[in-house]
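For the protein sequence lines, the chains are A and B, in the order given.
UniProt numbering applies: residue 1 is where the first sequence begins, and numbers increase by one.
UniProt numbering applies: residue 1 is where the second sequence begins, and numbers increase by one.
Some hints here could point you the wrong way.
Unchecked claim - One side only, chain B facing chain A, incomplete, derived with CB under 10 Å:
no. : residue
1   : Met-7
2   : Leu-10
3   : Leu-14
4   : Asp-42
5   : Val-48
Unchecked claim - Now the in silico label distances, taken between C-beta atoms and shown as ranges:
no. : chain 1 : residue 1 : chain 2 : residue 2 : range
6   : B       : Leu-77    : A       : Asp-390   : 37 to 43 Å
7   : A       : Ser-337   : B       : Thr-49    : 35 to 41 Å
8   : B       : Asn-122   : A       : Glu-414   : 47 to 53 Å
9   : A       : Tyr-419   : B       : Arg-25    : 31 to 37 Å
10  : A       : Asn-301   : B       : Lys-83    : 19 to 25 Å
11  : B       : Gln-106   : A       : Lys-392   : 26 to 32 Å
12  : B       : Val-41    : A       : Asn-301   : 18 to 24 Å
13  : B       : Lys-83    : A       : Thr-61    : 26 to 32 Å
14  : B       : Ala-59    : A       : Phe-271   : 47 to 53 Å
15  : A       : Arg-40    : B       : Gly-80    : 36 to 42 Å
16  : B       : Gly-80    : A       : Arg-43    : 39 to 45 Å
17  : B       : Pro-115   : A       : Arg-249   : 51 to 57 Å
18  : A       : Thr-67    : B       : Ser-117   : 38 to 44 Å
These are computed hints drawn from the structure, not numbers from a lab.
Ideal Cβ placement from N, Cα and C applies to all residues, glycine included.
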Amino acid sequence: MSALAPEERPPSLRDPPSPLPAGARYFCTVGRGLEPFLMREIRARLAVTQVEYVSGKVFFTTNSGLTMLKQLKSAERLFLLLKRQPPLIISSRSKGKVFNEIQRLVTGDPMCWVRAVSIWRSLELEENLPPEVAKPSKRKTGENENIVTKKLKIEQTLAMPGDAECQLEKQNSDKMEEHKDLTTEKENFQEEKSENDGEKEVEHHQGKLTFRVSCRCSGTIAKTFTTEEVGRVIGIALIKQFGWKADLRNPSLEIFIHLNDIYSVVGIPVFRLPLASRAYIKVAGLRSTIAWTMASLAEINVGAVVLDPMCGLGTILLEAAKEWPNASYLGADVSDSQLLGAFDNLKSAGLMDRIELFKFCVTELPLLSQSVDVIISDVPFGKKFKLGKDIKSVLHEMERVLCVGGTIVLLLSEDLHKYLQDYKESNITWNSRC
Amino acid sequence: MRAQAGMKLLTHNLLSSHVRGVGPRGFPLRIQATEIRVSPVDFNPDFVTRMIPKMEWAALVEAAESLGHLSELPRQLEEGYEKDEDFLRKVHHVLLEVEVVEGTLQCPESGRVFPISRGIPNMLLSDEEAAS
Numbered sequence: 001m002s003a004l005a006p007e008e009r010p011p012s013l014r015d016p017p018s019p020l021p022a023g024a025r026y027f028c029t030v031g032r033g034l035e036p037f038l039m040r041e042i043r044a045r046l047a048v049t050q051v052e053y054v055s056g057k058v059f060f061t062t063n064s065g066l067t068m069l070k071q072l073k074s075a076e077r078l079f080l081l082l083k084r085q086p087p088l089i090i091s092s093r094s095k096g097k098v099f100n101e102i103q104r105l106v107t108g109d110p111m112c113w114v115r116a117v118s119i120w121r122s123l124e125l126e127e128n129l130p131p132e133v134a135k136p137s138k139r140k141t142g143e144n145e146n147i148v149t150k151k152l153k154i155e156q157t158l159a160m161p162g163d164a165e166c167q168l169e170k171q172n173s174d175k176m177e178e179h180k181d182l183t184t185e186k187e188n189f190q191e192e193k194s195e196n197d198g199e200k201e202v203e204h205h206q207g208k209l210t211f212r213v214s215c216r217c218s219g220t221i222a223k224t225f226t227t228e229e230v231g232r233v234i235g236i237a238l239i240k241q242f243g244w245k246a247d248l249r250n251p252s253l254e255i256f257i258h259l260n261d262i263y264s265v266v267g268i269p270v271f272r273l274p275l276a277s278r279a280y281i282k283v284a285g286l287r288s289t290i291a292w293t294m295a296s297l298a299e300i301n302v303g304a305v306v307l308d309p310m311c312g313l314g315t316i317l318l319e320a321a322k323e324w325p326n327a328s329y330l331g332a333d334v335s336d337s338q339l340l341g342a343f344d345n346l347k348s349a350g351l352m353d354r355i356e357l358f359k360f361c362v363t364e365l366p367l368l369s370q371s372v373d374v375i376i377s378d379v380p381f382g383k384k385f386k387l388g389k390d391i392k393s394v395l396h397e398m399e400r401v402l403c404v405g406g407t408i409v410l411l412l413s414e415d416l417h418k419y420l421q422d423y424k425e426s427n428i429t430w431n432s433r434c
Numbered sequence: 001m002r003a004q005a006g007m008k009l010l011t012h013n014l015l016s017s018h019v020r021g022v023g024p025r026g027f028p029l030r031i032q033a034t035e036i037r038v039s040p041v042d043f044n045p046d047f048v049t050r051m052i053p054k055m056e057w058a059a060l061v062e063a064a065e066s067l068g069h070l071s072e073l074p075r076q077l078e079e080g081y082e083k084d085e086d087f088l089r090k091v092h093h094v095l096l097e098v099e100v101v102e103g104t105l106q107c108p109e110s111g112r113v114f115p116i117s118r119g120i121p122n123m124l125l126s127d128e129e130a131a132s
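Can you make the complete structure from the sequences, with help from the hints?
Right, dumping it as structure tokens:
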């Protein structure tokens, strides 16, 4: 993997000292299939130990501060790990017995909760000084990404076979998530207002703790219990155990619980917005985590010429230019509306200097042969491009403009992938590494 | 924040007309600019040093001159330029800081004109014009 931008090296030199010298244990949610990339990224960016993963989650211990943690680009959300244990046994037990077991997540080891909350408090303090400037675009990003991502889910369910499960799970707790997203917008607005009152936030936390439980259930447990039921059991147990107050609209503390056939995991989200929701992307096309991961595979060196010949809204170029700024980025599309959207995105992200846009077609690249070092693209799935002649022209052109030793990274549907495998085998000249 | 971006000379140096039958004679495209923008970009000597070997030097000089921004750029590349910061800064300026916001690019062989509007060159060919 190419080195991360020089700014990202030795964390110890750049990072303000963490309030937790011994470190804390975290986990990230991650799109299915991206786990190896996230693990690689974590090891490159942070000083970590005990890295492990189960489907959709990567666990790690680190004493790196929030500034570094916030840089993670292939993760969905970051959580402080509170509990991770084997899955609850559901079959042939009464509902009441299972409820007791769910309760025991809280009552079984109260000190674990106390410790976690105190770690969370010191992280919150770290995040609040200096006070963060919550940009207006942050609100919009959350809202837009939710809508656009949903559209993408419908259109591109063939995209990453592993991703489908993650999406299904999301739909199970969709109501909870939507509610949370809407209130998150409101919270950000309030954060903006009180951005100068960092101290006020601290006081608020020292006082009575308010909380909200976010639940995700899948597998066997989801057949017998609703997320609301599980959330309520936990909530009541927390109120009884610690005297906390529930607040669905603007809690200071969020508890995230994920129960399935593989594990029971409890965590506290570290940031209000998901890591995947980028402050610098106004309207997302391709999912930001996937876009960044594709760029990280491309090995973008200083002075590289990087092309996305089907750039759409420019998400891949934005992610790449943010991480590897010392390269030259070109984006092209045939659609005026997409180019306008891309232009808008570039402007909001302040990347107009790094990324240039063109209107041209990938089957007719108006570029000199061997003039491009890297091509990264999300290939449209079957609607715009017919398998056969079109894809052949696309590949032929890409190969023509690519330098010797250049790299192409393409996101394909299963059909396209299979087609390309066959095509590659029958094609003798394949000079560049693809 | 700037409202408009434009085509840089670095990129122009990579562009070639893809009109049918034109081949290598489609480079370099002739620039006619009606609106040019000059705006500062952070100087990175490493970036410039690596870009120079990728450029067609004569075409770069010609393009810069046609925009009136030759800026003392030598017509010939001289050895040892990697260590000449003065020179690198001049190249940096020409490659990255001069932008064509409005204008046209013309294929030297076929005469086909490609418009640049709001900084975005439109190089889409019709089916008849396309090489394949």
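| request: For the hint on Val-48/B, just tell me whether its beta-carbon gets within less than 10 Å of chain A. | output: 8 Å, holds
| Is 36 to 42 Å right for how far apart the beta carbons of Arg-40/A and Gly-80/B are? | 40 Å, holds
| query | Using the C-beta atoms of Ser-337/A and Thr-49/B, is the stated range 35 to 41 Å upheld? | reply | 39 Å, holds
| query | For the pair Gly-80/B and Arg-43/A, does the Cβ-Cβ distance stay inside 39 to 45 Å? | reply | Holds - the Cβ-Cβ distance for Gly-80/B and Arg-43/A, about 40 Å, lies within 39 to 45 Å.
| said: Between the beta carbons of Pro-115/B and Arg-249/A, is the distance compatible with 51 to 57 Å? | reply: With a Cβ separation near 53 Å, Pro-115/B and Arg-249/A satisfy 51 to 57 Å, so the hint holds.
| query | With a cut-off of 10 Å, does the beta carbon of Met-7/B approach a beta carbon of chain A closely enough for the hint to hold? | reply | Since the shortest Cβ distance to chain A is 6 Å, the answer is holds.
| said: Between the beta carbons of Lys-83/B and Thr-61/A, is the distance compatible with 26 to 32 Å? | reply: 46 Å, violated
| task | Using the Cβ atoms, figure out if Tyr-419/A sits within 31 to 37 Å of Arg-25/B. | result | 35 Å, holds
| request: Identify whether the interface hint at Leu-14/B stands, where standing means a beta carbon of chain A within less than 10 Å of its own. | output: 5 Å, holds
| field | Range agreement (Cβ of Phe-271/A with Cβ of Ala-59/B, hint 47 to 53 Å) | value | 48 Å, holds
| task | Return holds or violated for the Cβ distance of Asn-301/A and Lys-83/B against the range 19 to 25 Å. | result | Roughly 21 Å apart at Cβ, these two residues keep to the hinted range, so it holds.
| query | Could one say that the CB atoms of Val-41/B and Asn-301/A fall in the range 18 to 24 Å? | reply | 19 Å, holds
Checked against the numbered hints given earlier, this structure breaks hints 8, 13; the rest are met.
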